[in-house]
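The whole structure should be built from the sequences, with the hints applied where relevant.
Line by line, the protein sequences give chains P, S and R.
Going by our numbering, the first sequence opens with residue 2, and the numbers climb by one from there.
Going by our numbering, the second sequence opens with residue 400, and the numbers climb by one from there.
Going by our numbering, the third sequence opens with residue 599, and the numbers climb by one from there.
Covered stretches of chain S (chain P as the covering partner; in silico rule of three or more C-beta atoms under 8 angstroms from a C-beta of chain P):
| no. | stretch |
| --- | --- |
| 1 | 463-477 |
| 2 | 486-495 |
| 3 | 569-578 |
Derived from the structure by calculation, the hints contain no laboratory data.
Idealized CB from N, CA, C, for every residue including glycine.
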Amino acid sequence: MTSSAQMNAPAPSSLRLVLTLAIAGLISGIAIIGIYESTLPTITANKARELREAVFKVLPGVSEMQQLVYRDGNLVVTEERRKDEQAVYGGYDRDGDFVGYAIPAAGPGFQDTIGLLYGFAPQQKHVLGMEILESRETPGLGDKIYKDAEFVGSFSALSIEPNIVAVKKGAKARPNEIDAITGATISSKAVVRIINEAHAEWSKRLPPAGSEPPLRGTGPAGSGGSP
Amino acid sequence: MKQNESYEEFIKGIWRDNPVFVQVLGMCPMLAVTNSAVNAIAMGMATFFVLVGSSFLVSSFRNWIPKQVRISCFIIIIATFVTVADYTLLALVPKVHKELGAFIPLIVANCMILGRQEAFSSRYPVRLAVMDAMGMASGFLLALFSLGAIREILGDGALFGIDLFGENFEPWIIMILPPGGFLTLGVILLFFNWFRFKKDEFLADVAAAERGGNG
Amino acid sequence: MDNLAWIFISALLVNNFVLTYFLGLCPFLGVSNSLETSARLGLATTFVMLVTAVCAWVLNTYVLIYAPYLRLICFIVVIASTVQFIEMLIKKLSPALFRAMGIFLPLITTNCAILGLAIFATNRGYGFMEGIVYALGAGIGFTLALVLLAGLREESELSNIPRLMKGTAMNLIIAGVLSMAFMGFAGLFSSA
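This is how it looks when you write it as structure tokens:
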């Protein structure tokens, strides 16, 4: 049917073909840019809020944060980050004093990559908190790494030197040990390994304890605050 | 008369020509996101928007689009609607967008949508095309929802996140994992096959009875 | 190196494109009725995936950092035209290779596994080498799933299956069982 109709109709010039495609492309481009521009502020705000909430969760007592980018062997306070640069987030309390770093890390889990954020206090060398940002672990088993409040809660005042060790449930004896989840041992160990690897990497880069970059701006930061 | 015709176009997509259960089209996105009823509905709505929008445009411009470049034009139109849906979901419901993830852009590759443009919208007037698209999209949404609901109820003991059975229900986890998608759809198709066989048998019986009555 | 191995195994077995992401199901169910056709389709898909990975990397590095919103349209247009161009090239240069996989090329271009590969690789921020390895894993994984299903289907042709079960329903259930088997690969890397 199509072919017979095509035969009867005179073949359109190639100019017309190109023109049709160009017009379609133009209209589509305008529509896409329109929706992008109109949703961008909301999307950016959503992302910033999510990040803020995660940082505040892994660093208890924090009310201010700023992005610290690792650039040329130093931590630089900046909002800008190039694609190949890595960043951590510094958390500060109400008086503007440094509390700890929130460090993003990722690695292979049971099913797929697990992405997480952990809070690290350089003075005591403690992990202060852990939040899973992204995972596709098995529902009902592996997903306990973020649904099991006990497991998530055990990442507080957890000693990270020389490294964290996941032990069988109930066998925790030393300050650097953590109870693995029954039925999700591999996922629990994966979380611990991801944090250990990230720590090994970042402990070489972070400045010595006590000389962390101060909160940008002078005096105690009262503005901003948590939303 | 006219009214009847467009009603007919609408209703056929939901049952007789259901894109998923009868035509078995558009399965890639549909199996991957139907592990919960909410995700299934979000995906269904996004597909609804894309299909109805592109059918409307394609049908409106059907006399201007030259045959030789029609597929490219259809794809540009569909991709535009998908991008719009993608950004809208990201802005309005970031949580759902995170769950659906890469499968929203993949709506573009849903063969059902391009199929409808080629087979229907590019040949019929706007009203019929939109009715057809709405029917097909509703059928798709319905199929996604039933799959999502079945999988969530069996696999999680809940519907829309609300616990249904209480403590003692041991969830059938495999149902919300990938194998569950294949198995659930397989069993539903079995049901449809059975239904069709029964109908054919019934029609054959009626025909035989009529012949007997005449002879 | 460790990372590349993880990407490869993950795409090949643990997160097999067909059996856990449901990508490329149309050819999976449509073409997989004979072993030989499946193997050839798998080869062609792996090839297109490699091309896609290169295209996606080029676009991501040089174009899309300025205009992220054009991602979808760019991917579709560039992948489709590149594949078409390569198809013509193969036809000219190696008629034998063209006979082996040529007829599948236009069919594959609009396949969701191809677009899915480009989008997944972008979302995960893969670089050039990572993208290539990911494409290779995904392509071989696709071939593996296709060939396995084709083998099972060839067997089931000869067995006595209820009339009701024949066709797509049966294939989906076979695929479900295969998918369950592949779940056993989870944890390959993290248990070490």
